[in-house]
Amino acid sequence: MKASELAKILGGTLEGDDVELAACGGLEEARKGDLSFCKDPKHVRLVETTQASAVLLPPDWTLGAPCAIIRVADPNHACMAAAKLFAPPEPERLPGVHATAIVDPSVKLGAGVHVGAYTVIEKGAEIGDGAVIEAQVFIGEGCKVGAGTHIYPQVTLREGTIVGKGCIFHCGVRLGGDGYGFNNGRREDGSVYIEKIPQLGIVEIGDGVEIGSNTTIDRARIGRTYIGPMTKIDNLVQVGHNVKVKGYSGLIAQSGIAGSTEIGYGCLIWAQAGISGHIKIADGVQVGPQAGVPQSLDGSVKYVLGAPAESMKEFGARTLLPKMVAKLKAEVKELKAKVG
Amino acid sequence: MKASELAKILGGTLEGDDVELAACGGLEEARKGDLSFCKDPKHVRLVETTQASAVLLPPDWTLGAPCAIIRVADPNHACMAAAKLFAPPEPERLPGVHATAIVDPSVKLGAGVHVGAYTVIEKGAEIGDGAVIEAQVFIGEGCKVGAGTHIYPQVTLREGTIVGKGCIFHCGVRLGGDGYGFNNGRREDGSVYIEKIPQLGIVEIGDGVEIGSNTTIDRARIGRTYIGPMTKIDNLVQVGHNVKVKGYSGLIAQSGIAGSTEIGYGCLIWAQAGISGHIKIADGVQVGPQAGVPQSLDGSVKYVLGAPAESMKEFGARTLLPKMVAKLKAEVKELKAKVG
Amino acid sequence: MKASELAKILGGTLEGDDVELAACGGLEEARKGDLSFCKDPKHVRLVETTQASAVLLPPDWTLGAPCAIIRVADPNHACMAAAKLFAPPEPERLPGVHATAIVDPSVKLGAGVHVGAYTVIEKGAEIGDGAVIEAQVFIGEGCKVGAGTHIYPQVTLREGTIVGKGCIFHCGVRLGGDGYGFNNGRREDGSVYIEKIPQLGIVEIGDGVEIGSNTTIDRARIGRTYIGPMTKIDNLVQVGHNVKVKGYSGLIAQSGIAGSTEIGYGCLIWAQAGISGHIKIADGVQVGPQAGVPQSLDGSVKYVLGAPAESMKEFGARTLLPKMVAKLKAEVKELKAKVG
Chain A
0 MKASELAKIL GGTLEGDDVE LAACGGLEEA RKGDLSFCKD PKHVRLVETT
50 QASAVLLPPD WTLGAPCAII RVADPNHACM AAAKLFAPPE PERLPGVHAT
100 AIVDPSVKLG AGVHVGAYTV IEKGAEIGDG AVIEAQVFIG EGCKVGAGTH
150 IYPQVTLREG TIVGKGCIFH CGVRLGGDGY GFNNGRREDG SVYIEKIPQL
200 GIVEIGDGVE IGSNTTIDRA RIGRTYIGPM TKIDNLVQVG HNVKVKGYSG
250 LIAQSGIAGS TEIGYGCLIW AQAGISGHIK IADGVQVGPQ AGVPQSLDGS
300 VKYVLGAPAE SMKEFGARTL LPKMVAKLKA EVKELKAKVG
Chain B
0 MKASELAKIL GGTLEGDDVE LAACGGLEEA RKGDLSFCKD PKHVRLVETT
50 QASAVLLPPD WTLGAPCAII RVADPNHACM AAAKLFAPPE PERLPGVHAT
100 AIVDPSVKLG AGVHVGAYTV IEKGAEIGDG AVIEAQVFIG EGCKVGAGTH
150 IYPQVTLREG TIVGKGCIFH CGVRLGGDGY GFNNGRREDG SVYIEKIPQL
200 GIVEIGDGVE IGSNTTIDRA RIGRTYIGPM TKIDNLVQVG HNVKVKGYSG
250 LIAQSGIAGS TEIGYGCLIW AQAGISGHIK IADGVQVGPQ AGVPQSLDGS
300 VKYVLGAPAE SMKEFGARTL LPKMVAKLKA EVKELKAKVG
Chain C
0 MKASELAKIL GGTLEGDDVE LAACGGLEEA RKGDLSFCKD PKHVRLVETT
50 QASAVLLPPD WTLGAPCAII RVADPNHACM AAAKLFAPPE PERLPGVHAT
100 AIVDPSVKLG AGVHVGAYTV IEKGAEIGDG AVIEAQVFIG EGCKVGAGTH
150 IYPQVTLREG TIVGKGCIFH CGVRLGGDGY GFNNGRREDG SVYIEKIPQL
200 GIVEIGDGVE IGSNTTIDRA RIGRTYIGPM TKIDNLVQVG HNVKVKGYSG
250 LIAQSGIAGS TEIGYGCLIW AQAGISGHIK IADGVQVGPQ AGVPQSLDGS
300 VKYVLGAPAE SMKEFGARTL LPKMVAKLKA EVKELKAKVG
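Chains as they are written, first to last, in numbering that gives the first Met the number 0: chain A, 0 to 339; chain B, 0 to 339; chain C, 0 to 339.
Simulated from the structure, these hints should not be mistaken for lab results. One or more hints might be untrue.
Just so you know, same-sequence chains aren't split out, so a pair can sit in one copy or run between any two.
[Unchecked claim] Below 25 Å or equal to it, Euclidean Cα-Cα: the simulated BS3-like pairs (lysine-lysine) are:
| hint | residue 1 | residue 2 |
| --- | --- | --- |
| 1 | Lys-164 | Lys-143 |
| 2 | Lys-31 | Lys-279 |
| 3 | Lys-1 | Lys-38 |
| 4 | Lys-335 | Lys-322 |
| 5 | Lys-83 | Lys-143 |
| 6 | Lys-322 | Lys-312 |
| 7 | Lys-326 | Lys-337 |
| 8 | Lys-312 | Lys-326 |
| 9 | Lys-31 | Lys-83 |
| 10 | Lys-322 | Lys-332 |
| 11 | Lys-301 | Lys-312 |
| 12 | Lys-312 | Lys-328 |
| 13 | Lys-143 | Lys-107 |
| 14 | Lys-7 | Lys-31 |
| 15 | Lys-143 | Lys-1 |
Generate coordinates for the entire structure from the input sequences, incorporating the hints supplied.
This is the structure:
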């Protein structure tokens, strides 16, 4: 898109060359063909060295730029608007079942459902109105998918999985795999046995849940593994069998929740954190990045860090231990000299 | 299922309304339509507040419940039996090759093999008797899959992978991807090069191995990456090239084993633990959650924790350091006051 | 292959039985049918106990072996050559589009492109000369894949993803999933809201990038998530939205880079390390296994370890704290006794 055309759409004025623009980018990352923006005088220096082809600036700045300038009242807002124009068009997923999709005759498809190429939906499944099931998805027997839910390519839902309305599942999400459960020991003759414990339950996902790429959520041993409404799960997260996430929580990338643990409302589990099995995290608690939580958290501490997890104050003190010990060592040395 | 019908099947007696039951759930998690159970007087309080529609109780308890009661001799056992009745039916995977599966004419299929929709099996592969290869699976050239092995949808086996009998691979398992191996340095002219080292080996999986969703096991640089019999691997685990897991071990979710490391018999690697490359973990050693193991473990310590991993006693002492240092600080202060 | 035949190919001489050989393996791992090698007198003991059927040894060693011996000038090099002979044949991916692939008529396919079974390529995509797109791949609208790039089965590229030349993507790679971004707070009536922030950008991958199995790279909020040339990414790695990896770097298995962070040239992020969002890692810095990096690293320290990450010296000192504290404790006790 020409800078002049964009300036018109954004209600701004162009100064400089009428360059071709194709994408947005931060001042430092931007390159030829990019539109960038600056609204904060602190970052003026970055404007001087940007590789962007054009930059959005407030009308009153006297500052120049090494590229075209589009002056607008709110550069931040204008950049978001431009980003929408530059964004790859969201692919149309029109109602209808692709000729190559294999949908069992017993499946109940709601109104306006899209089913993509090479998707398989097995018997007894129900897909709600307006749901989008993209290409190469697998939906097992008796699964229920709520209205308006969007399932991206190559997701698998094992039999019996229940999904709420308005959910978004990204590529490679795995719901309903067997939980990790084995009995083992020694037989009378001394030989070792490892026996699979049947995983007879299901996964149930509430309304408005988003699940990131390649995240895995296991079916319950009995009953259900439950992800409550509006929970937002990032990529590569592991949720064990019989976990219960009450709702309105966030699980950030590569975090893991072991079996039968309960996560309260409004919790935030940061990246790479690990929560042990069979414990409870109280409503509103945040577990910091890479933290390891071995025991229940009752909410008296709102943010924990470290492994085993402790309060930020405790974690901070632990971080400073080497300095404290070095100081003590010097003091003890001095004392010893004095005492003789 | 009606509570009365279930009571009959379980050999128990119903007290209260003949409610409709559809699932099992713990006393706390249960909701309308759920059957729960209590066998331990300690949890009586939970019975009083359960949302279950019915609860299994021992015949001799005088205790009431806010819902229907089914009295049975062994509530725990009865609940497992009920769970089997409520469980989503295990999908039938009848012998036969789906019309859309692409199986190379050279592939040897054993008796009673099931091959699902849109699965691809390339030339020279061999599938043992009674194996179940579900939909959308990829099995590369020359792979061998043992009798009775069950491969869930969207698993990929790269060329040459060998799989034993009675294995279970959950959705998204990746076997035989190239190991991570590069040579790099500077050429005579000063330019940097990064060269891929050919990964010429294979992955070999023993009998009775279960592998969780989205776990990845790389092919060997030369020779084989080997997972010994009865090893149970959880979700999102990473196993590097040329790793050897002798057998009867467990690798819990999100743990990682770097290249060329050997894991002995009967080891347990807990969630999110990391084991360095080119080391050996002795038979029967357990590596705790999030532990980092930089060096071989000879089995003199049976359970290690922390990073770098140490004994539970050492890890416990480390955890207590802040308190010890604070105490020392106070003592030194006191001494200084005395000494002057 | 017969040992005699192999000896001929490798320019060596066979001593002992003309055994059948089918694979390579280290002296300890090798079993019947394997060829092993030894070039270092240090490992002589391992030769004595190897289960290999044949072993490559230098011509001048007087040492015997419990198996056949093939004497060659350079056992290491000869073993690599043998490994190539034993390796499963690399599957032929001939130019052409499989009859079951669904390639939109608007897609531009370069010369000699291979497209495998059940692969879906949506409208407006461009695939460069000689690219290999294997079976069951999904390539979204408007994606561009460079010449010679090899995409293994069951990879997904969401709309707008741009991929350079000569890349290799292993099974289950997910590019272009929505970044993790939500606004949340309370409405005037006190109710909680969690709103998805549109993820309008793309993923762009430079030339010569290799990405391991089940790794996930999110599309930018605006602009691009960028992986620079020759970067080598291992399995199960997470790269957040708007991350910029300049190039020639390595991201080892299960590491994670949070949103908007910049990784310099020639960095190495070891396994299970985590890098916070919105920071910069200077060129050439290495982040050790399981390290957690909360702040920018300016390159003054070349290798960091621990969480929060510190220099190896600092990390080493921290590791020794329990010993130091125990010693101090003893000294303080002694002082107290003296002082009274």
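Verification of the supplied hints:
1. Only within a single protomer do Lys-164 and Lys-143 lie at most 25 Å apart by alpha-carbon distance; the minimum there is 10 Å, versus 33 Å between protomers.
2. Only between protomers do Lys-31 and Lys-279 lie at most 25 Å apart by alpha-carbon distance; the minimum there is 22 Å, versus 51 Å within a single protomer.
3. Proximity of Lys-1 and Lys-38 under a CA criterion of 25 Å is satisfied intra-copy only: 22 Å inside one chain copy versus 66 Å between copies.
4. Both within a single protomer and between protomers do Lys-335 and Lys-322 lie at most 25 Å apart by alpha-carbon distance, with minima of 20 Å and 19 Å respectively.
5. Proximity of Lys-83 to Lys-143 under the C-alpha cut-off of 25 Å is restricted to the inter-copy arrangement: shortest distance 20 Å between copies versus 33 Å within a copy.
6. In the homo-oligomer, the alpha carbons of Lys-322 and Lys-312 lie at most 25 Å apart both inside one protomer (16 Å) and across protomers (13 Å), since each shortest distance falls under that limit.
7. Taking identical chains as interchangeable, the C-alpha atoms of Lys-326 and Lys-337 lie at most 25 Å apart whether they share a chain (17 Å) or sit on different chains (19 Å).
8. Both within a single protomer and between protomers do Lys-312 and Lys-326 lie at most 25 Å apart by alpha-carbon distance, with minima of 20 Å and 17 Å respectively.
9. When the C-alpha separation of Lys-31 and Lys-83 is checked against a cutoff of 25 Å, the pair qualifies only within one copy, where the shortest distance is 19 Å, while the shortest distance between copies is 45 Å.
10. Proximity of Lys-322 to Lys-332 under the C-alpha cut-off of 25 Å is found in both arrangements, the shortest distances being 15 Å within a copy and 16 Å between copies.
11. Within a single copy, Lys-301 and Lys-312 get their C-alpha atoms as close as 12 Å, which meets the 25 Å cut-off; across copies the closest is 29 Å, which misses it.
12. In this assembly of identical chains, Lys-312 and Lys-328 lie within 25 Å of each other by CA distance both inside one copy and across copies; the values are 23 Å within and 18 Å between.
13. For a Cα distance limit of 25 Å, the shortest separation of Lys-143 from Lys-107 inside one copy, 9 Å, qualifies, whereas the shortest one across copies, 37 Å, does not.
14. Taking the closest pair of Cα atoms, Lys-7 and Lys-31 come within 25 Å of each other only inside a single copy of the chain (21 Å); across copies the shortest separation is 58 Å, beyond that limit.
15. For a Cα distance limit of 25 Å, the shortest separation of Lys-143 from Lys-1 across copies, 23 Å, qualifies, whereas the shortest one inside one copy, 47 Å, does not.
Violated hints for the displayed structure: none, as all numbered hints are satisfied.
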